[in-house]
Every structure is written in structure tokens, then in C-alpha cells.
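Asker: One letter stands for each residue in the lines below.
Protein chains: 2
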Amino acid sequence: MTNLLKLSFSLAALLVVFGQSDASSEDENTPAPAFPYLVPDEKPDRPLSTAVQRNYDAYSSIRPEQNELFTQFKYTKLKGFDYNDGDGTITRRDPSKVIFANGKYYVWYTCRKTPVKPVGMSRAAEATDVIPSADWDLADIYYATSKDGFTWQEQGVAVPRPPKPNPGWRSVTTTDILVWEGKYYLYYQAFMEASGLRGDYCPVAVSYADSPDGPWTPANKIVIPNGAEGEWDQHAIHDPYPLVHNGKIYLYYKSDFDERPELTPSKVRMHGLAIADNPLGPFTKHPLNPVINSGHETTLFPFKKGVAAFVIRDGMERNTIQYAEDWVSFKIASIVELMPNAAGPFVPDAFTDTEDGIGITWGISHFTNAANDWNRNHSVLTRFDCDLSRNVDDPQMKGHHMNLTPEFHYKQGLSGKQRERVTRETAELNKPSAQN
Amino acid sequence: MTNLLKLSFSLAALLVVFGQSDASSEDENTPAPAFPYLVPDEKPDRPLSTAVQRNYDAYSSIRPEQNELFTQFKYTKLKGFDYNDGDGTITRRDPSKVIFANGKYYVWYTCRKTPVKPVGMSRAAEATDVIPSADWDLADIYYATSKDGFTWQEQGVAVPRPPKPNPGWRSVTTTDILVWEGKYYLYYQAFMEASGLRGDYCPVAVSYADSPDGPWTPANKIVIPNGAEGEWDQHAIHDPYPLVHNGKIYLYYKSDFDERPELTPSKVRMHGLAIADNPLGPFTKHPLNPVINSGHETTLFPFKKGVAAFVIRDGMERNTIQYAEDWVSFKIASIVELMPNAAGPFVPDAFTDTEDGIGITWGISHFTNAANDWNRNHSVLTRFDCDLSRNVDDPQMKGHHMNLTPEFHYKQGLSGKQRERVTRETAELNKPSAQN
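Line by line, the protein sequences give chains H and D.
Using the UniProt record's numbering, you'd call the opening residue of the first sequence number 1 and step up by one each time.
Using the UniProt record's numbering, you'd call the opening residue of the second sequence number 1 and step up by one each time.
Among the hints, erroneous ones may be present.
The list makes no distinction among identical chains, and a pair is therefore deemed to hold if it is satisfied within one copy or across any two copies.
Mimicking DSS-like on lysine-lysine, the simulated pairs with C-alpha atoms at most 27 Å apart in a straight line are [stated by the list, open to error]:
(1) LYS431 / LYS183
(2) LYS79 / LYS183
(3) LYS104 / LYS267
(4) LYS304 / LYS77
(5) LYS431 / LYS221
(6) LYS221 / LYS331
(7) LYS248 / LYS183
(8) LYS411 / LYS77
Since the hints were made in silico from the structure, they are not lab data.
Remember, it's a predicted structure, so these values are computed and weren't measured experimentally.
One chain only, chain H, in its complex shape (with noise of 0.2 Å):
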């Protein structure tokens, strides 16, 4: 790089010229060349665009194929679900984190089995005890087991919804696992009430059991209540996702807030933090809160020192994945996508209060409205894989240009409004005011 020091191209000069003089502590006369062609590992003493600088200062490195926390996503079918010919009478969604134990991979889930599909949140003054109102209405938490995570054994219900008034006698949804000092405890989200008669209210409870076969015991009470009134998560605790970390339970959560009914979609979603000592609570909330400012449900995994996030779906911040050093302060890491939708992955290290957390792989995730068709709704499961983990360098998840098909993008088509619109456009523009 000896070059450089020849050129004639001064870097000082051409700064004032630009009106950033300030910006150079060169002697104008000096010459300075260009950004060079290989591009430093570390930040260079020269002035830099805003741009370069984030370069720098906030991604690990300038390469995505090199960046730990970037990834692509592929995606695998499961072999051993039943869904009654995909008609909307059987669901399975929001699975929860994947462990391994005894010799197989466990997965809980939210499964639905009805007479009839959802007759949908709109119309929740219709759905009855037998009648669902959203897809995850009148469900229980079922699970499975696996040898290779591809096929899939459906073992029944982990826990059912309880007797009336017990948090949850509306439908238990939306569980994770926790595995704590040799016990097993699910977090799940326990309805009161059919989802879309106010909105989608619950707070949520929790059943612990010696087995992840079970039996599973209800603690018959809130363990994270919803907020107070006026407070960002007053309606919905949502997505509880319990990791452990500096001996404690650090439990993420969702909650639906800002509901501004003359806006489409009318809430926006963020993501909380609660910690406790114990599983069964007292759960502290964390003061800072939402501690995530966009994403739908939650999923996260140890990660170094820090933590690691799934931000999805909503708000400004959707499509990338998050590290939060401190466990609290996020961060975008990348950006990517095709992300999964409601990720449960296989976590290793999930409770192992790891100060070097490795990452991850592979998990189960969903897909709602699977028949494309709202007269048959209903969610399947499916698998995902990528590279999050620093066990792994596969080189084929890296890659950072999908060639997607015309033909897929002549799916995402205008609608008859839009095209009306555009001709309108156009004869706007061949009005005489309008020709130059």
C-alpha cells in the first residue's frame, strides 16, 4: 500500500472544497489518497462517510458471509402431522423452543382440534364452546418427539386448557420450555376469554413437571400478569420465552399496545423483559421496557457474553436479527430475511447460564393460513434451518442474493385499484400544464 503515499489527490484540499475542512487534521498540502481498495480490517485515521463509519462501529464485519449473526433461512417440510386434509379443523402453531432429552427432541405446540374452522376474530361474538374465534382459540398444548427433528411423533396433550376459572380455561396457547434445576416448566398464554371479543387479552401462566413426558402440573395462577392500566402491556403478555442467564429466569415476552383504531394495522408489538429467582415468579418487570421496538413473536438464544433476537414481521425494525450484550440494550446484528414465523429453535445452551453462549441451527417454526384460503384456516409446523451457531461455517446459508423467479414476483402483482391509480398517473402527465 506504499502507492498510495504517491498520489497527488489531496484529500485536505479537496475538503474545503467540500466545506468539511474541519473534518481533516492533515496539512492541506499533503497529499491523501482515496478509501483504499482492500479495505482495512480496522477503522483507518482518515475521515470517513456516515456510512462507512457504521461499517466499523456496528457490524461485526463488512462481509454478511463473515457476520455470525447473519443467515439465511431454509425451510423443510414435516413428515407425521395430521391436518384432516388441511379443511381447518386441526392447527398446530407457535411451537416452543426444541430441547433434547432421552434420546429424541421435544416440541410443544399450540394445537387446535375442532368441528369447525375458526369462525375468525371479527365475528367472536359467534364462537361458542365448541366454536373457535381465532385460529388459537378452545386449544391445548400437545407435543412431539423426533430422532432426526424431520419426523415427527405426535404424544397428545402436555396441557389441557383448565376447568373454568382458572387462567387458561379459554385456550392455552403459545408455550416455551424451561428447564430449571432438573425440572421441567412450560410458560404458555392463558386465555380467559375468546380472542377478538376485545382483542387478543391473556396474560400468562404455567405448569412444571420431574419429565418432559410429563405429568404436568398447573400452578392454577398468573405468573406474569398483564401490566397496569395505561402501561404499554396492560392487554397482552404474549410469546413467553424463558432463557436463563446470570443465575436468574430472564423470560422475553410480546405485548400488542398503541391500539389506534383509525390506523391499519391498528397496534403496534415491541418486546419486554421479565426476570425471576424462581419459575413460579415473582417476576420483576424490566423498568426499561420494551427492551425490543419492533417483531412479532419472540425468539432468542444465548449468544457470547450476550443475546441474541429474532425481530420479525412488524415495525420498523422487522426482517433483522438483534444482539444485546448487556441481555437488554438491542442492537440491529443484520439484516435478513424470509425470516421464520413464531421460531422455536433448538437452543443448547438455553439453560445452561452460559457467559458464551454458540448459537443456533435449526428449530420449528409456522406457517398460518397454510391453505391460502381462510375457509380452510388453520397453521402448520415446519422446520427451519440456518447458520447462527460459531459451531458452524456452512458457507450455502450465507449467501446474500436470492434470485427469486419473475414468475414469483409477478405473484406480488398490483391490485385493480393500484392500476387504476397508475393510468390516472400517466394522464396527469400529458395535461399541457404538466409538459416541460
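Dock chain D against the given chain H, drawing on the hints supplied.
Answerer: Relative to chain H, chain D alone:
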């Protein structure tokens, strides 16, 4: 919100528990509520998480649908272009911006019409005067016009390859249009060797005309030269993209650099800026180049006081739309998906030296390897639509959940090699040492 004062939840006390008491100036006996249910429009005077601070500091709205620089993209197949049944002998790619003149839209683009499909960059030594290496080798600049933006009539060659040794004798590609003081200027990549022999090396040349219908006079000189040896843009000045700002020509371009043959992909791509008082130069490269740290082809448009840019495909900030109020300091304005490649938008105020840019709603982009078959390698032009205009409010463009089908996801499946790795990893878990 007066109820909030009644809450007994003490934020100050909690901050002490969490070791962050310095974050609060309130008396520890003062009850402090959690974050409010209705998100304050202005940044509230209370401790906020890093992520929620970004809501206020980094984005114009926390709701993507209210963010002027957030959009979905929709695609429509163009009528009027023949591709010889997609056999690889005709390609159209890298469209210019679209302009409106003489009662119709104009677009210029790279067009290759060769007796055979490209041999590929890795076999560039086999290229001849009639056998192309890359898809854009042995190309000329064609143009087409349209009354509605959907059906186009190809008008033929605008700028042909000039005779050797003029810049571009091997191929003229990836053009863009400038309208300046009543004249028209086409900037383009001027190849003097088959792409793939050493890389994708070229400078930028220019032709000019009194009418968008030509005839075009080539300046027959390099107008944006490659950087000096050792500089980031020493090999490639790609995708020249002129706009008018501050009474000058602001021409953005892309370069490939940091070539490290041991890596895949071997190069990184960023964008620079060159500024001129005269369309034929001289252009002065900005001393803070590169000004965009990711991306592939250049697509920009005036927006309010500043300029917005598509950052597609490559780099850590791919899949974003960025904004620079000063036309240099780019920051992420939104995270988007299914972005158009090599987009040439219709930018009504591209050349008006506006200080109040309106934005864009549509343009022409391309699909590479459109046949999804390298033996018929060619590219096709397509139309994209979006809502990045302050004159349009199209809620159908602002959705933030694309419910792509399970079948689509399963096409993004595991390779055989990946499946083998997964099997191996599960086997590892079954070893006695891995059992807990």
C-alpha cells in the same frame, strides 16, 4: 393518562435494583409507571431502552405504514419485448431512469443480441467478437418508449459500441439519463475488454443529444475515470446515476473492490459520488467516498431536502432504503424486502434541482437469469411499483407481513450436503458424553 400517577410501581426503585439508578433523576419514592400504552409522539422524558430510543432518533414513525420511505414492491410483466423464446441470445437489463417527454415515457437499457448465449465470465477467454462472456458483454444501448408504462415499443439502438479503441468498443452498458439545460446525456459503462478476463473492469463514458430520440454524439472520452492504483474504485466505475442538486450534477456510482480470491463472494460493493458543473466533466469524486456501505446497482431520487437510495442485494445494509439530507451522509430509513434489482425509477424531479423532492411510485428493473437456466442465460426488463412518493398514499403498498405460501418456503430447502450435516449433528447429541 392521569391514571398513570396512581400506579405504585416504582421505576426509580427498580432502576436501583437493576444497577441503573443514575438513569433516573426522580425521587425514589415517586411512583413511576411503565412505558405508556399509547406511544408518545415525542420522545418521553424517562429512561428508555436502546431500542426504543431508536424509535425516536432513527425513524420518522415507529409504524412502517406511516413511514414515507417504507414500501412493498409489486411487479408487472412488460409487454412489447421479444426475447427469442428466452434462448439466451437476447438480453435486456440495467435500465436507466424513466423520463417523460413528447407525451410518452422513455427508458434506455443494455441490450445484447448475439448468435449464442454468453459463455460465462469464468470462461471469458473463449469469448470472441461475436461470442459474449458475460450477459452484458457485446451489448449496445437501446431505448424504448411507452404511452402507459406497461406496453413498450423498442425504438432500436441509441448508443452503439464505438469503433476500437474508443471507450466502450467492447460493450456499452448500464446507462443512465441526465437532462441538463435542454440537452440529454447518457452515461454508461465503457468496456474495453470482455468482462471476466480480469474482472468487470471499466470506466464511464458519455454521449449527448438534443432530443431523447437522438441522434447521440459520443464524447469518445472517459468522463468518470477509475481511481488510482490502490484506491477503492481503481478497477470499476459501475452504474453511473446522475441527478441534479445544488446547481451541479451529482452522479452516484458503484465500485467492486476488496477482492480476496479466497473468499466467496470475493469482492465487496459500495457506492461513491462524483460531482460536476458540466455534464462532460470534469467530475470530482467526493473525498468521503464510499458514501453508501452496501448495495449493488444504484437507484436514487430526491426526497424532501435530501436524496434517498435503494440499497439492494449485497453488504450488511442490503434490503434497506437510505436517506441523506446532505446527499452524502446516508442512514437507514427503512428495512424492506423483494427490492427491484437495478431499478430505474420514474423520478419526476430528477433534474429540477428541487429542494423538496417528491419521491417515486414506479420504474423499470430487471430479472437476471430470467429462465432460471444458465444455458439460456439472459435478463428481462420488468415494471415495479411502490409507494415512496409524498404525492401518493397507497395503503396496499404499506403492508408489513408478506404471507408467502409454505410451498414457496419449501423451494428454499436444504441441500444434500446440509442434510448430511444435520444428521451428523443429531448423532453427536446421542453420544453418551452429550447426554445430560
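Asker: Please go over all the hints and tell whether each is borne out by the structure.
Answerer: Hint-by-hint comparison with the structure:
1. LYS431 / LYS183: between (75 Å within a copy, 23 Å between copies)
2. LYS79 / LYS183: Answer is neither: 29 Å inside a copy and 64 Å across each miss the 27 Å cutoff.
3. LYS104 / LYS267: Classified as neither: same-chain Cα gap 40 Å, cross-chain 43 Å, threshold 27 Å.
4. LYS304 / LYS77: neither (31 Å within a copy, 47 Å between copies)
5. LYS431 / LYS221: neither (69 Å within a copy, 39 Å between copies)
6. LYS221 / LYS331: Classified as neither: same-chain Cα gap 35 Å, cross-chain 47 Å, threshold 27 Å.
7. LYS248 / LYS183: Result: close within a single copy only, 15 Å intra versus 70 Å inter.
8. LYS411 / LYS77: Both ways: LYS411 and LYS77 sit 22 Å apart in one copy and 10 Å across, limit 27 Å.
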